[in-house]
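Hey, can you work out the whole structure from these sequences and the hints?
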Amino acid sequence: MPGVDNCLQEAMTIPGAVGASIVDYTTGFPIAMTGAAPNSDHEAAAAGTADVVQAATSRSLLVSAVPHDLLEDLIITTAGGYHLLRLVQTDFDSRLVLYVWLDRVHGNLAVARRRMQTLADELVAT
Amino acid sequence: MKPSKTAAPGRLLTQVAGEGRTGALVVGGHPGGTVYVIDGRVTQAESPAAPGVGELLTASGRLAGRTWQAALDAGTAQARVGRFLLDQGHLTQGELELCVLGAIYDAAYFALSPASAPVDFLEDATHWLGQIVAVDPAAVNRETRRRTRLLEEIFPDPRIDAAPVAPVPRPPRERITVTAPQWELLVHADGQRTPADLAQLLGRAGFATIQELRRLAAAGLLELPEVRKPQKDQPDFVRLERARATSVDVRRPVVAVPDDAVPAGTGTARAGPAPAAPPAPAAAGHRLARRKPGAKLPKDVAAAGPREEPAPDDVLLKRIRTALRALR
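Chains as they are written, first to last, in our numbering: chain A, 48 to 173; chain B, 153 to 480.
Just so you know, these hints were derived from the structure itself, not from any lab.
Because the structure is a prediction, the values reported are computed rather than measured.
There could be a bad hint or two in this list.
[Claimed, not checked] Covered stretches of chain A, going by a simulated chain B footprint (3 or more residues, C-beta under 8 Å): (1) 127-134; (2) 140-147; (3) 164-172.
The beta-carbon is built from N, C-alpha and C at its ideal position, and this holds for glycine as well.
Structural data, given as structure tokens:
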């Protein structure tokens, strides 16, 4: 069964992955990280991802009438790459997001999105 | 290591980590906490203000109470409770690691954030969960400082973190927007529960709880704790809470308490030893007639139908309890 380190190593095998981390989005802290980060600063990147996730979840902006319409992931495109944020769903209170930074040239969004979904699910599921 | 001295817990952690030691850094004060290190890396942390791994897993329903208890029974002696849960298939490796990591940073914040506190280092003390993760102590210190700054930016009053949580009865604006966690806190706040109580009750991280409470305070939705300035020569004034919801005439002599107990309404309380159990009605002189078991009601009373019992004076009892706690 994969643990946190294993999950991040797997994330780095996503085509184009440059760096990955697991971030607590209420405080913006990376509880685990690997690879590179924008501006070589994992902690600053984590704080940024937390702000984005909080902005998306704290208002009912994007919630539809579907029951249990939870935010699943966020994709932000910059000149420097794709930043994918996948919320990790745990039964207990954890408030975590899996963040992967993809190179724009080698990264494939569709593939990455699906791989991250699998990784986030496998991390916590039996 | 010298026995209990006062120091900056964060600096002591750095020192202990630099020396690659194994043991438990115990931080006193309120709420205080304990940080466990193995070979200079942080492997566990606990604090009264931060729900532990067990509380997080059981309060959320992820583990049944008895499953957790069985793991404690089987694993505590050899410090392998975590291993037991994994081997028995109750939790995945990922879940346990994430839960422990969260709990470490949460408890470490409360243990390491004071500028100065009584600290002690217990050589070779190990935690019953066993070693699940190992974290760089410098990262823990950095994160603790960052969290302190985050809270200051939201609302710079640290009394919110420990005082019983009391929502304002009347909000300052026409429309209020709250997040789901804030709602949970408001709904479960009863004027008595502290942030630590609420975190345990809801199975949420202690820091996340006080973060939301500070936001609520910043939005004007929480009553701020009253400032008490104890005088040197005079006994403390004890501020009792205003009655909420139930309108009770506090002059109504429902409970006859002994003279030296805390009187209803604001007033001075003796700074001496607290009276033993004032809530028990010491109804001097009144003896209620006792019914012999099996006896039928006298005809006149039976005919009158069920009598209305006066409601127990919850508000008064709670005030007395709060006042007693304040004397501690």
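Results of checking the hints against the structure:
no. : hint    : verdict
1   : 127-134 : violated (count 0)
2   : 140-147 : holds (count 4)
3   : 164-172 : holds (count 4)
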